[in-house]
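Read top to bottom, the protein sequences are chains B and R.
As numbered in our numbering, residues 1 to 147 make up the first sequence, in order.
As numbered in our numbering, residues 1001 to 1502 make up the second sequence, in order.
Warning: the hint list may mix true and false statements.
[To be verified] In the BS3-like style, the derived pairs of lysine-lysine whose C-alpha atoms are separated by at most 25 angstroms in a straight line are:
#1 B:Lys-133 <-> B:Lys-35
#2 R:Lys-1326 <-> B:Lys-71
#3 B:Lys-71 <-> R:Lys-1082
#4 B:Lys-47 <-> R:Lys-1326
#5 R:Lys-1314 <-> B:Lys-35
#6 R:Lys-1082 <-> B:Lys-49
#7 B:Lys-146 <-> B:Lys-30
Because the hints were derived from the structure by calculation, they are not lab data.
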Amino acid sequence: MLLNTASAVISFLTKLEEETAKFYADLAQKYPEGKETFTFFSRDNQKNKNMLERAYYGVITDALEACFSFKEGLNPEAYKVETEIAEETSYFDALKIALKTEETIYKAYTDAASLSEALMADVPQTLRKIANKRDERIAKLKALIKG
Amino acid sequence: MAVLEEPIKEILTVKNYIGGEWVESKGELIDVVNPATCKVIAKVPISTKDELDEAVKAAKKAFPEWRKTPPLARARCLFRLKQLMEERFEELSRIQTMEHGKTIDESRGETRRGIENVEVATGIPSLMMGYNLEDVAFGIDEYVIRQPLGVFGIIGPFNFPFMVPLWFAPYAVATGNCILIKPSSEDPISQMKVAEMVEEAGFPPGVWNVVNGGRTVVSAMLEHPDIVGICFVGSTPVARDVIYKKCGETGKRVIAQGGAKNFLLVMPDADLERTIAACMTSFYGNTGQRCLSGANLVIVGEGLSEHEYNQFYKKVVNAFVDAASKIRVGYGLDETVQMGPLRDKEKKERVTRFIETGIKEGAKLTLDGRKVKLVGEWPHDCFLNPTVFEDVTPDMTIGREEIFGPVASIMRARSLDEAIEMIHSNPYGNAASIFTSNGKWAREFRYRVQCGNIGINIGIVAPMAFFPFSGMKQSFFGILHGQGQEAIRFFTESKVVIERWF
């Protein structure tokens, strides 16, 4: 099912932030060598969630096109992420899973921003800001994988 | 997607809030029904004239102390009220969806708009300042002081149960007046919640009162000698023939906002994709139940040949109908839903009658919303899907009268002049919008159109809290409007002092 409304998209992205915050908190516990990075990611997810909620609840108004602001709609099926790590997963493989997760979430944010462009200005701007933060994570994870 | 949790779990009994007390009415109780689920969610009293009198007495008693309370202290009560509203933002929003039927996005928008009025009113120490001039004559100074007047009545409509009373109430109390609010008996719950927060915010007893009910309460408010002014939002016949007329007879100040028939013009150079998105929220947002809703979509062929115009017309109609047909209709607590039900069965029947009249009068029914298709399993009682008519002319019933439902009437105009003439031939003058990239056309439209709220590439021309909510012709009766500086003037008397010392 496609998500067309601001409420549905914000809820979906908020849930992604919550799930990945827990994912990174678990990684931080499991892999001491990545503790600092993963803990930072997990905490930063909470900040992202706050940014999303402020952007939405701060500008929502009956005059704007909140129910029609995501054009043809965002398909949540396209942005499924893996947030469970098997017991035997190595640190290296965990980094690769995290990278894949970040790439998927980056795409979710950039797609959502393009869909909502110009109708509720603060929302796509925030989506882009968070996408940029995710992009920085991708670079960091790639560097860690490279060693 | 799952339906969000409902904040109302059992049937509430709505009480009156009079003199700082929650009072059970002696009047008959009627059901408040969630129009999406058709379940009773509350019982609201139809209060008596005596109960209204009690509320006026309480407000009158509170007035002398409240008007002496420093504006800064009054503002602090409003700051606390704002904080409580923020804390209960989601609960308030979901209640609006339950009692009215609007989508959760729309309810949150309404909550935000209501809160913004409280925010603006917190600036009362600056907003209420008078002005002065030294030496109007030798050794003589003159100044203006703004003083509150007493007790005001606020009569709320069903379509924005939370927000509309807040176009007035925060300004009234910030300026030192006392108020009594009569919410719509169709959806009175959010005003009860507001009163709970008013109590918690520490407003003195009697400053803010809520009396639920119907015509008896309204009539008693209009007749009451101790009520100095009335704010009303509703239909034009009531605004004009009852509220405005009676306030004139009894010497009350009045803001009476009535109905509308809003025209949206699409010019050949409009950004079509964004125009259509804005049109969807304009025509179908709040299920068309708002005085700023788009009603007539006029496709204007200014500067186009006949052939070009026909092509442009088809392009706009196809895009509009395609978007309208995809609107997801259902229970507003489902976050993916884009349009909720009408407020009640009678309103659905009324809109259905308009659709039937449109067909009889020769308009072409391009999209028939009577064929109800919903997201989720809900009773169809109050639902209609988006409806589109083509070949509508301004003299047809559906082109002329306020439908207050999800029905779009598409009209043709060969020039901007012709389109403006269409707008002016309609008795209403609430809002009108133009979609264009041409500054000259936009200016012409803004300059000439006799409507109180003008949109340029805006579908819903809803003024922010710091601007007045305007209206002209048969859409507004009064002089000063609600919100912002005009509300401050409405709720205060300008006292002029000329001073000389010997």
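Outcome of the hint check:
no.: 1; hint: B:Lys-133 <-> B:Lys-35; verdict: holds (19 angstroms)
no.: 2; hint: R:Lys-1326 <-> B:Lys-71; verdict: holds (11 angstroms)
no.: 3; hint: B:Lys-71 <-> R:Lys-1082; verdict: violated (33 angstroms)
no.: 4; hint: B:Lys-47 <-> R:Lys-1326; verdict: violated (35 angstroms)
no.: 5; hint: R:Lys-1314 <-> B:Lys-35; verdict: violated (60 angstroms)
no.: 6; hint: R:Lys-1082 <-> B:Lys-49; verdict: holds (23 angstroms)
no.: 7; hint: B:Lys-146 <-> B:Lys-30; verdict: holds (20 angstroms)
In this structure, the earlier hints numbered 3, 4 and 5 are contradicted, and the remaining ones agree with it.
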